[in-house]
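*Asks:* Sequence:
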Amino acid sequence: MRVEQLMTRQVRTCRPDDTLAVAAHVMWEGDIGCLPVVGPDGRVVSVVTDRDIAMRAYFSGRPLWDTLVSEAMSKRLVTVRSHEDLELVEDQMRMAQVHRVPVVNDAGFLVGIITLNDLAHHRHGKAVGEGVSPDAVAATLAAISTPRKFAFAPRIAA
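Add 5 to the 1-based position in the sequence shown for the numbering used here, that's all there is to it.
Keep in mind the hints are simulated off the structure, nothing from the lab. Take these hints with a grain of salt, some might be off.
[Stated by the list, open to error] Restricting the straight-line Cα-Cα distance to at most 20 Å, the calculated cross-link-like pairs of lysine to aspartate or glutamate (DMTMM-like) are:
#1 Lys80 - Asp23
#2 Lys80 - Asp140
#3 Lys80 - Asp46
#4 Lys80 - Asp55
Let the sequences and hints guide you as you build the complete structure.
*Replies:* Written out as structure tokens, the structure reads:
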């Protein structure tokens with residue numbers, strides 16, 4: 006099965022120069038936990054999650070309206086193309102330990118997003134052999150949930 010058959014096509018986004026308050030509001034209104042971040046040319050440059058927002062606010066001690074998305078967004082970007090197989094998405098999620106992956110075209114413009122929830126919901130009640138196996142979804146969740154080792158300990162702002 007290919008990514009385009011399962012991805013969400015209507016995706017909310019934010020920009021690096023938006024405040025975290027704007028991003029949090031968009032997430033709240035859309036009942037979502039992640040926004041692709043698009044640059045001035047419209048290409049995906051990163052993602053920001055509700056956890057990124059919470060951790061940046063906590064460690065900086067600054068209010069959300071005084072902090073830019075660019076200060077909290079991920080430093081690495083994992084994307085897939087709509088024509089790729091779902092197994093590739095799972096591999097990317099496992100390796101990068103992410104729950105959500107923006108789907109881009111060959112020029113880097115956003116065309117959708119695919120999430121671990123999409124994979125799990127698709128598998129629920131499906132016949133064996135259709136799409137991604139339940140074992141693969143479980144393995145991806147286990148890999149994503151493995152604690153990361155950090156090279157540094159973040160300092161709490163005084």
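*Asks:* Look at each hint and say if it fits the structure.
*Replies:* We went through each hint and held it up to the structure:
Between the alpha carbons of Lys80 and Asp23 the distance comes to roughly 17 Å, so the proposed pair stays at or under 20 Å and holds. This hinted pair does not check out: Lys80 and Asp140 have alpha carbons roughly 30 Å apart, beyond 20 Å. Distance check on the hinted pair: Lys80 and Asp46 sit about 19 Å apart at the alpha-carbon level, within 20 Å; holds. In summary, the hint linking Lys80 to Asp55 is supported, as the alpha carbons are separated by about 15 Å, within the 20 Å threshold.
In this structure, only the earlier hint numbered 2 is contradicted, and the remaining ones agree with it.
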